[in-house]
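Following numbering that gives the first Met the number 0, the numbering of the sequence shown begins with 0 at its first residue and continues without gaps.
Among the clues, some could well be false.
[Claimed, not checked] Listed below are the simulated SDA-like cross-link pairs for lysine to any residue, each with C-alpha atoms no more than 25 angstroms apart in a straight line: (1) K27 with Q17; (2) K19 with D58; (3) K24 with D4; (4) K35 with C21; (5) K19 with K35; (6) K27 with F37; (7) K27 with D58; (8) K20 with L51; (9) K85 with K35; (10) K19 with E30; (11) K35 with I22; (12) K24 with D58; (13) K20 with D58; (14) K35 with R57; (15) K24 with S12; (16) K27 with L51; (17) K27 with F61; (18) K35 with D58; (19) K19 with I63; (20) K20 with D4; (21) K24 with H34; (22) K35 with Q16; (23) K19 with D4; (24) K20 with A59; (25) K24 with D60; (26) K19 with I36; (27) K20 with T10; (28) K89 with I63; (29) K35 with D4; (30) K20 with L53; (31) K20 with V3; (32) K24 with I63; (33) K20 with Q33; (34) K20 with D8; (35) K19 with P50; (36) K27 with R5; (37) K20 with V9; (38) K35 with I63.
In short, the hints are calculated from the structure, not lab data. Small disclaimer: the values here were computed from a predicted structure and weren't measured.
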Amino acid sequence: MKYVDRGADVTGSLYAQQIKKCIRKFEKNGEANQHKIFCSLKIMPHLTGPPLILAAIRDADFEILDHPPYTPDLATSDFRLFPKLKEYLKG
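Start from the sequences and build out the full structure, keeping to the hints where you can.
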């Protein structure tokens with residue numbers, strides 16, 4: 000893996016290169032034929048060059064698992080806002 004310098008952009012081509020490096024590592028370790036799942040976190044690198052990135056993922060026979068942009072059962076307000084609001088309203 001290659002670390003990106005602070006403040007540098009992660010481009011679609013860099014992201015695709017990293018995916019290809021992972022694939023080569025799988026092949027080197029004899030794991031190329033195992034079922035591989037790519038979890039899409041809907042973060043910026045996916046938006047910088049989707050055709051290039053998706054091609055690299057599909058060429059590697061990854062199953063793409065879409066991840067929602069939020070997790071509905073773990074809302075931040077449940078942990079921070081509502082307990083304080085309940086305490087305030089309890090009076």
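Hint check:
1. Restraint check for K27 and Q17: the C-alpha separation of about 15 angstroms stays at or below 25 angstroms, so the hint holds.
2. Between K19 and D58 the alpha-carbon distance is near 9 angstroms, which keeps this suggested pair within the 25 angstroms criterion.
3. Proximity of K24 to D4 is assessed by CA-CA distance (about 23 angstroms); at most 25 angstroms being required, the pair is judged to hold.
4. A threshold of 25 angstroms between alpha carbons decides the hint, and for K35 with C21 the separation of about 11 angstroms falls inside it, so the pair holds.
5. For the suggested pair K19 and K35, the alpha carbons sit about 13 angstroms apart, so the restraint of at most 25 angstroms is met.
6. Using a Cα cut-off of 25 angstroms, the hinted pair K27 and F37 holds, with the two alpha carbons roughly 19 angstroms apart.
7. Among the hinted pairs, K27 with D58 is consistent with the structure: their alpha-carbon atoms are about 17 angstroms apart, no more than 25 angstroms.
8. At roughly 15 angstroms between alpha-carbon atoms, K20 and L51 fall within 25 angstroms of each other, so this suggested pair holds.
9. Between K85 and K35 the alpha-carbon distance is near 45 angstroms, which puts this suggested pair outside the 25 angstroms criterion.
10. The straight-line distance between the Cα atoms of K19 and E30 is roughly 14 angstroms, inside the 25 angstroms bound, and the hint therefore holds.
11. Distance check on the hinted pair: K35 and I22 sit about 10 angstroms apart at the alpha-carbon level, within 25 angstroms; holds.
12. Straight-line distance between C-alpha atoms of K24 and D58 comes to about 15 angstroms, which keeps the hinted pair within the 25 angstroms bound.
13. For a cut-off of 25 angstroms, the pair hint linking K20 to D58 stands: about 13 angstroms separates their Cα positions.
14. Taken as a hint, the K35 and R57 pair is honoured in the structure, with Cα atoms around 11 angstroms apart against an allowance of 25 angstroms.
15. A distance of roughly 18 angstroms separates the Cα atoms of K24 and S12; the hinted pair therefore holds under the 25 angstroms criterion.
16. The suggested pairing of K27 with L51 holds, with an alpha-carbon distance near 23 angstroms, which does not exceed 25 angstroms.
17. The suggested pairing of K27 with F61 holds, with an alpha-carbon distance near 17 angstroms, which does not exceed 25 angstroms.
18. With a CA separation close to 12 angstroms, the supplied pair K35 and D58 stays within the 25 angstroms bound.
19. Proximity of K19 to I63 is assessed by CA-CA distance (about 15 angstroms); at most 25 angstroms being required, the pair is judged to hold.
20. As the CA atoms of K20 and D4 are separated by approximately 19 angstroms, the hinted pair is consistent with the 25 angstroms bound.
21. Distance check on the hinted pair: K24 and H34 sit about 15 angstroms apart at the alpha-carbon level, within 25 angstroms; holds.
22. Annotation: proposed proximity of K35 to Q16 holds, straight-line Cα distance about 17 angstroms (limit 25 angstroms).
23. Simply put, K19 and D4 have alpha-carbon atoms about 20 angstroms apart, close enough for the 25 angstroms limit, and the pair holds.
24. Among the hinted pairs, K20 with A59 is consistent with the structure: their alpha-carbon atoms are about 11 angstroms apart, no more than 25 angstroms.
25. For the proposed pair K24 and D60, the alpha carbon gap of about 15 angstroms is at most 25 angstroms, so the pair holds.
26. Proximity of K19 to I36 is assessed by CA-CA distance (about 14 angstroms); at most 25 angstroms being required, the pair is judged to hold.
27. Between K20 and T10 the CA atoms are separated by roughly 15 angstroms; this keeps the pair inside 25 angstroms, and the hint holds.
28. A threshold of 25 angstroms between alpha carbons decides the hint, and for K89 with I63 the separation of about 47 angstroms lies outside it, so the pair is violated.
29. With a C-alpha separation of about 29 angstroms, the suggested pairing of K35 with D4 is violated against the 25 angstroms cut-off.
30. At roughly 15 angstroms between alpha-carbon atoms, K20 and L53 fall within 25 angstroms of each other, so this suggested pair holds.
31. Simply put, K20 and V3 have alpha-carbon atoms about 15 angstroms apart, close enough for the 25 angstroms limit, and the pair holds.
32. A hinted pair counts as satisfied when its Cα atoms are at most 25 angstroms apart, and K24 with I63 qualifies at roughly 19 angstroms.
33. Using a Cα cut-off of 25 angstroms, the hinted pair K20 and Q33 holds, with the two alpha carbons roughly 17 angstroms apart.
34. Pair hint K20 plus D8 holds up; C-alpha atoms about 19 angstroms apart against a cutoff of 25 angstroms.
35. A distance of roughly 15 angstroms separates the Cα atoms of K19 and P50; the hinted pair therefore holds under the 25 angstroms criterion.
36. Distance restraint check for K27 and R5: the Cα-Cα separation of roughly 30 angstroms exceeds the 25 angstroms cut-off, and the hinted pair is therefore not satisfied.
37. Between the alpha carbons of K20 and V9 the distance comes to roughly 15 angstroms, so the proposed pair stays at or under 25 angstroms and holds.
38. Of the pairs offered as hints, the one joining K35 and I63 holds, with about 9 angstroms between alpha carbons and a cut-off of 25 angstroms not exceeded.
In the structure shown, a violation is registered for the earlier hints numbered 9, 28, 29 and 36, in ascending order.
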